[in-house]
Structure formats: structure tokens, C-alpha cells
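With the sequences and hints as input, model every part of the structure.
Protein chains in written order, with my numbering: chain A, 1 to 302; chain B, 303 to 691.
Don't read these hints as lab results, they were simulated from the structure.
Heads up, a few of these hints could be off.
[To be verified] So these bits of chain A aren't anywhere near chain B, every CB distance computed over 12 Å: (1) Arg21; (2) Pro67; (3) Val69; (4) Lys76; (5) Glu80; (6) Met89; (7) Ile93; (8) Pro191; (9) Met222; (10) Ile225; (11) Glu246; (12) Trp256.
[Unchecked claim] Short derived list, chain B residues pointing at chain A, Cβ under 8 Å: (13) Ser497; (14) Tyr586; (15) Ala662.
Using N, Cα and C, we set each Cβ at its ideal position, and we do this for glycine too.
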Amino acid sequence: MDKITRPAISAETQKKNRSFRVRHILSQALLYLILIFGAALAVLPFFWMISTSLMTLGETITREWVPAVPQFINYKDAWEQAKFAKYFMNSIIITLTTVTGLVFTSVFAGYAFGRMKFWGRNIIFAILLSTMMIPETITLLPNMLMIRGAIFPLPFGNNGSWINTLQALTVPFMANAFSIFLLKQFFAQVPNELYDAARMDGAGHLRFLLQIVLPISKAPIMTVILFGFIGAWNAFAWPLLVTTRETWRPLMVGLWTFVTEAGPETHLLMAGAVISLLPILVVYFFTQKQFTEGIATTGLKG
Amino acid sequence: MTTTTIMPPVQRSRASIINRIKENITAYLFILPAFLIIGVFGLIPIGYAIYMSLFNWRVTKGDIAINPSNYTKALGDWTGVALFLGGVVLLVLAYWVWNNAFKSQQRRKLIAGLIAAVLLIGMGVLLSFGWDRMMAAGDEDFLKSLVVTVFYAVGTVPIQLGLALILAYVLFQKIRGKEFFRMIYFLPYITPVVSTAVVFRIIFSPRDTSLSNLILDGLGFEPLKWLFEPRPLTEVLFGVQLPGLLAGPSLALATIIIFGVWTFVGYNTVIFLAGLGSISKEIYEAAEIDGANAWDLFRSITFPLISPVTFYLFLISFIGTFKAFNHIFVMQTTFAQNTVQTASVEIFNIFYKANNYGYAAAQAIILFLIILGLTFAQNKLLGNKVFYG
Numbered sequence: 001m002d003k004i005t006r007p008a009i010s011a012e013t014q015k016k017n018r019s020f021r022v023r024h025i026l027s028q029a030l031l032y033l034i035l036i037f038g039a040a041l042a043v044l045p046f047f048w049m050i051s052t053s054l055m056t057l058g059e060t061i062t063r064e065w066v067p068a069v070p071q072f073i074n075y076k077d078a079w080e081q082a083k084f085a086k087y088f089m090n091s092i093i094i095t096l097t098t099v100t101g102l103v104f105t106s107v108f109a110g111y112a113f114g115r116m117k118f119w120g121r122n123i124i125f126a127i128l129l130s131t132m133m134i135p136e137t138i139t140l141l142p143n144m145l146m147i148r149g150a151i152f153p154l155p156f157g158n159n160g161s162w163i164n165t166l167q168a169l170t171v172p173f174m175a176n177a178f179s180i181f182l183l184k185q186f187f188a189q190v191p192n193e194l195y196d197a198a199r200m201d202g203a204g205h206l207r208f209l210l211q212i213v214l215p216i217s218k219a220p221i222m223t224v225i226l227f228g229f230i231g232a233w234n235a236f237a238w239p240l241l242v243t244t245r246e247t248w249r250p251l252m253v254g255l256w257t258f259v260t261e262a263g264p265e266t267h268l269l270m271a272g273a274v275i276s277l278l279p280i281l282v283v284y285f286f287t288q289k290q291f292t293e294g295i296a297t298t299g300l301k302g
Numbered sequence: 303m304t305t306t307t308i309m310p311p312v313q314r315s316r317a318s319i320i321n322r323i324k325e326n327i328t329a330y331l332f333i334l335p336a337f338l339i340i341g342v343f344g345l346i347p348i349g350y351a352i353y354m355s356l357f358n359w360r361v362t363k364g365d366i367a368i369n370p371s372n373y374t375k376a377l378g379d380w381t382g383v384a385l386f387l388g389g390v391v392l393l394v395l396a397y398w399v400w401n402n403a404f405k406s407q408q409r410r411k412l413i414a415g416l417i418a419a420v421l422l423i424g425m426g427v428l429l430s431f432g433w434d435r436m437m438a439a440g441d442e443d444f445l446k447s448l449v450v451t452v453f454y455a456v457g458t459v460p461i462q463l464g465l466a467l468i469l470a471y472v473l474f475q476k477i478r479g480k481e482f483f484r485m486i487y488f489l490p491y492i493t494p495v496v497s498t499a500v501v502f503r504i505i506f507s508p509r510d511t512s513l514s515n516l517i518l519d520g521l522g523f524e525p526l527k528w529l530f531e532p533r534p535l536t537e538v539l540f541g542v543q544l545p546g547l548l549a550g551p552s553l554a555l556a557t558i559i560i561f562g563v564w565t566f567v568g569y570n571t572v573i574f575l576a577g578l579g580s581i582s583k584e585i586y587e588a589a590e591i592d593g594a595n596a597w598d599l600f601r602s603i604t605f606p607l608i609s610p611v612t613f614y615l616f617l618i619s620f621i622g623t624f625k626a627f628n629h630i631f632v633m634q635t636t637f638a639q640n641t642v643q644t645a646s647v648e649i650f651n652i653f654y655k656a657n658n659y660g661y662a663a664a665q666a667i668i669l670f671l672i673i674l675g676l677t678f679a680q681n682k683l684l685g686n687k688v689f690y691g
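Next up, the structure:
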């Protein structure tokens with residue numbers, strides 16, 4: 001009896017196992033299908049952009065999927081004729097200046113709020129934090145008047161106005177509550193023993209900050225740099241308001257004026273769009289892990 | 303001897319006072335640059351915007367605006383506003399009654415349901431009466447832009463969060479190439495919004511040969527006008543003509559919603575993933591031993607435990623859509639008329655093109671108050687539905 005029943009059971013379980021395996025494979029296949037479909041949708045516009053940027057004008061109108069011969073000359077044309085070279089350099093300078101200033105102000109303010117005792121610390125910090133809730137729509141207009149010198153004359157400008165200057169595009173973004181908050185949180189966790197040891201060696205706050213705290217704070221400072229970089233590079237509404245000439249017009253505004261003025265030259269427009277997102281992509285690919293983790297933990301950025 | 307034993311404390315306290323003053327001065331110097339910049343470009347403008355909103359201010363400051371004030375000009379009729387807000391209060395009351403009913407017995411539940419229904423009818427009446435009065439006397443463009451904003455928010459946020467949750471859930475399984483997919487999904491979020499909005503303008507152009515119309519053609523549908531189509535979605539797709547607000551968003555706005563979803567799904571996915579990672583594996587294992595299938599696991603474990611993340615994302619996405627500007631500004635076309643003009647775009651146009659500064663400031667403050675109210679309401683209403691473990 002035993003000899004007969006045993007194989008029967010094992011055959012049944014085998015069958016069960018097989019059906020389980022089939023179901024497992026099917027559900028895995030479904031998961032990958034969802035993932036690949038999502039990825040395809042995410043990438044399709046980029047594919048379309050790059051493909052169009054390499055077409056001739058004729059091909060953009062007859063609408064091929066891929067150009068017969070990739071027209072790399074489009075990039076040269078966009079770069080030179082459509083003045084993207086100028087806008088690109090402007091954007092680079094604006095972004096680097098902004099980020100440098102941002103790191104400078106945030107490091108010092110973050111340190112003071114995180115590690116020093118001073119009168120009114122909590123109130124000042126709360127006031128600074130409250131600016132995070134104010135939408136740009138409200139501050140845009142008064143700030144534009146401020147930059148024009150209509151509220152009070154600004155120093156280092158043309159007759160008190162900062163319109164069409166580098167400082168109009170950079171200074172307002174050289175400090176924000178988010179960066180200060182981020183660094184404050186990190187600096188506050190630096191063990192007090194380190195500070196006491198530094199005091200013994202006769203170091204004050206400044207030397208402690210520069211020689212000991214900064215070298216161990218690369219990660220949060222990198223996050224500040226990343227967010228600052230992206231914010232400055234992507235800025236649009238503000239530069240649109242405070243630039244009326246090409247002198248300091250950044251890439252994003254240049255791209256937009258190209259849309260409104262150039263009309264049918266889609267291939268050049270797409271080449272310009274590719275140029276405009278390259279720096280961000282480069283930064284993203286090199287700091288990818290840091291970046292996603294930065295966002296997942298802080299959960300911020302408009 | 304006695305002097306030496308007494309002296310040190312005195313010296314120390316004097317030294318410590320000097321030290322404290324020194325520390326204060328250093329600290330103020332440290333925060334000075336940041337405070338100066340945030341103060342000048344972040345704090346002063348708020349007060350100044352309120353100040354501006356009180357004047358007839360076209361490029362240069364004019365008289366103080368009374369009769370009508372900029373606020374009255376925008377909202378029209380204060381009785382209408384009061385009626386409308388009354389409607390909102392009734393909605394909150396109905397929600398409260400209904401919510402409390404679930405805690406009590408069957409019969410009370412029925413009564414509570416009836417009360418809630420009456421309250422909801424009252425809400426509908428007040429909202430529509432109030433709204434009509436406001437529309438009759440106020441600034442139609444501004445009020446319409448608020449409706450467009452609501453359409454945009456309601457259209458974007460649920461779809462975006464739903465898709466993100468699905469993707470995050472799938473990515474959280476044992477999957478090869480997890481990092482790769484995460485990176486791909488994140489691309490639309492990371493790329494500059496103006497660049498991608500420009501690309502979407504081309505993809506969703508009304509030409510027969512635009513990518514969107516090629517895809518429709520491949521599926522056997524007629525080409526659409528997309529960003530150039532001011533007609534409501536319901537009319538374009540189903541041919542139904544609904545009156546007024548019932549008709550819903552225009553196809554042009556729906557296209558912008560597609561862009562919004564495309565951009566932000568990846569961001570929400572990453573945050574959801576972080577949330578999923580914090581749910582302990584033991585709960586799943588225990589449920590699996592009890593014979594729960596995948597759907598059970600999702601419904602009774604994942605979904606409630608992830609609710610704080612969902613709530614957080616819901617809140618910031620909603621506020622984000624109310625503040626959204628860049629991509630809508632880039633994707634707007636004159637052909638879409640004012641069906642894509644959300645409040646932030648409308649306000650921008652009022653001061654940038656129409657140069658009506660005082661009025662724009664008043665509108666901006668109204669928008670801010672609405673955002674503040676929504677934040678508060680969501681915190682109060684949804685906040686206590688959230689399971690914080």
C-alpha cells in the first residue's frame with residue numbers, strides 16, 4: 001500500500017508545485033511588464049526630443065520616427081545661430097555664483113543655529129523657516145519692484161536698479177531656509193567632545209567649523225549644492241522678470257523665447273532643449289545615489 | 303588664601319559673560335549674510351505685497367483703492383463669499399457627522415446619514431448661490447482661474463499618487479534592475495521643467511503628425527488638437543455638452559495634467575519606496591503564514607501602514623499644483639483661450655502683461671489664503687485618518 005500511495009502524493013505535490021511555479025512566473029512577468037511599460041512612457045519624450053533634434057527641417061514636417069542621417073550640425077546651428085552658446089554660458093555663471101553663495105551663507109547660518117547659543121535664536125530660526133511656506137507668486141511681484149530699485153535704491157546697480165545684472169539673478173537665491181535647516185540638523189549632531197577637544201587646542205568656533213566640522217559634513221553640503229544647482233539652473237519665472245536683454249538671460253528663458261519667436265524650426269528647438277538638460281543629467285548621473293537618498297530622506301523640493 | 307579661593311568664581315563669571323557676549327556676536331555675524339538675503343527677498347516682500355494690494359497700483363503707486371478695493375474687485379460680492387464659505391463649513395460638518403456615525407450603533411448611523419445628506423444638500427445650495435453671486439459681480443477671469451486650478455489639482459494628484467504607489471509596490475518586490483528602473487522613473491522629475499514642457503508642446507501639438515496624434519492614429523482614433531483645444535474633455539471624447547463647471551477641464555488642461563503626472567510620478571515613487579522600506583518584514587511574514595494572498599497583504603498591511611507617506615505626498619502635491627507655474631506658462635497657447643490659466647499664471651499675466659500691480663498682489667494674497675486653508679483642512683480632516691503605527 002505504502003509503495004502505491006507515496007508516488008501518488010508526490011505526483012500531486014509536484015503538480016501543485018508546478019502550478020505554483022507557473023503562477024509565480026506569470027506574476028513576475030506581469031511585474032516586469034508594468035515596470036517596462038512605465039519606463040517606456042518615462043523615456044519616450046526624451047527619445048522623441050533627441051530623435052527630432054537630429055532631423056532635417058523636412059523630416060520634422062513629414063514626421064519620421066528617426067532621421068535618415070543624424071544631423072549633428074543642428075547642435076552647431078542651435079549653439080551659434082540661436083545663441084544658445086550665450087545663454088548656456090550665462091546659466092553656468094549664474095548657477096555657479098548662486099551655489100557658491102548659497103553654501104557660504106548656509107554653512108555659517110546652519111552652524112550658528114545648530115551649535116551656538118545666542119539671544120533670540122529660536123525666534124529668528126522660526127521666522128526664517130516660515131518663509132518656506134510662502135508661495136513664490138506672492139514674493140515675485142514685490143521682488144521685481146525691489147530689483148527695479150522702486151522700493152529703495154539698491155547698491156552696486158545702475159541708478160539703484162539691478163535689472164539685467166548678474167546680482168539680480170543670483171543674490172536672491174544665495175540663501176534659503178531649507179539649506180540652513182538641513183545643515184543645522186547635521187551640525188547639531190556633531191559630538192560635543194570634538195568641540196571641547198578643539199577648545200583645548202585654543203580653537204574658536206570659526207576654526208572648529210572650518211577645520212573639523214566641514215570635512216565631516218561633505219554629504220549634507222553636497223545635498224545643498226545639488227538642490228542649489230538644480231534650482232538655479234531650472235529657474236524660469238524670476239529671470240524672465242528681471243532680464244529684458246540678452247546680457248544675462250539664462251538658458252531656460254532663451255529656450256522659451258525661442259518657442260515664442262522661432263516658430264517652425266522644431267529641430268533647432270529640440271537641440272536647444274537637449275543642450276539645456278545636459279548639465280543636469282551629468283550631475284544626476286554622477287550623484288544619483290546621493291540625490292535619490294537626499295530626496296527620500298528630506299522629502300523636499302517643490 | 304581666602305582671597306584666592308574667592309577670586310576664581312568672580313573671574314570665571316566675568317570671563318563667562320565676556321565669552322557669552324563674544325559667542326553672541328560671532329553667532330550674529332554667522333547668520334547675518336543668510337538673514338540679510340532671506341529678510342530682503344523673502345520677508346520684506348510679504349509685507350510689501352499686502353501693502354501693494356491696498357492701492358490702485360499700475361507700475362507706479364496710485365491712490366488707496368476703496369470702493370471697490372482690489373479684493374472686492376476680484377471676489378465681487380462679499381455676501382457671495384460668505385455664502386460660499388458657509389457651504390464649505392457645511393461640508394466639513396457633514397464630514398464630521400458622518401465620521402462620528404461610524405463609531406456608534408446601527409440606528410444612529412442611519413440618522414447621521416440623513417443629517418449628513420441634508421447638510422450636503424445645503425452645502426450644494428450655498429456653494430452654487432455664493433458662487434453665482436461672486437461670478438456676477440467679481441472678476442470672472444480670476445474666479446475661473448481658481449476653478450481651473452482646482453481642476454488641475456484634482457486631475458493630477460490622485461492619478462499621480464495612484465501610479466506612483468503601484469510602481470513603488472512593484473519595485474519593492476524581488477526585482478532585477480531595481481536601481482535602473484528607479485533611475486529611469488526619476489528622469490522626468492530631475493530634468494528642467496521648461497525643457498520638458500517645450501518637448502511636450504511639440505509632442506502634443508495639433509498637427510496630424512505630432513507624436514500624440516501618430517499614436518492615436520496607430521490605435522485607430524482621430525487626431526486631436528491637444529494643447530490647442532479649449533473644448534472640455536467630456537465634449538471632445540464623448541460628444542456630451544455639459545453646462546458650466548460640470549463640463550470639467552478642457553483637453554488642453556488635460557494635456558497639461560498628463561505632463562504634471564509624467565513629471566511627478568517618479569518623485570512620488572521614490573518617497574513611497576522609502577516608506578515601504580520602513581514597514582517591518584515580520585508583519586508580512588506573519589500574514590503570509592495566516593494564508594493571506596498578495597492583494598490581502600497590500601490592502602490590509604501596506605496601504606494602512608503607508609498612509610502617513612500617502613498623506614504627506616497628498617498634501618505637498620496638492621499645494622504644489624496650486625503653486626504650479628513654469629510648465630503651465632510654457633505650455634499655454636492662445637488657442638486654448640483661458641481654459642489652462644491657473645491662478646498663478648493668471649496673477650503673473652495681470653502684473654507682467656497688464657501691469658496692474660496692486661490688483662495682482664491682492665489676487666496673490668487670496669491664493670495664498672486658499673492654500674493655507676486647504677493645508678489646514680487637510681491636516682484636520684485627513685490627518686486623523688492616518689495610521690501612525
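Open item on the list: Are any of the numbered hints broken by this structure? If so, which, sorted upward?
Closed with: 12, 14
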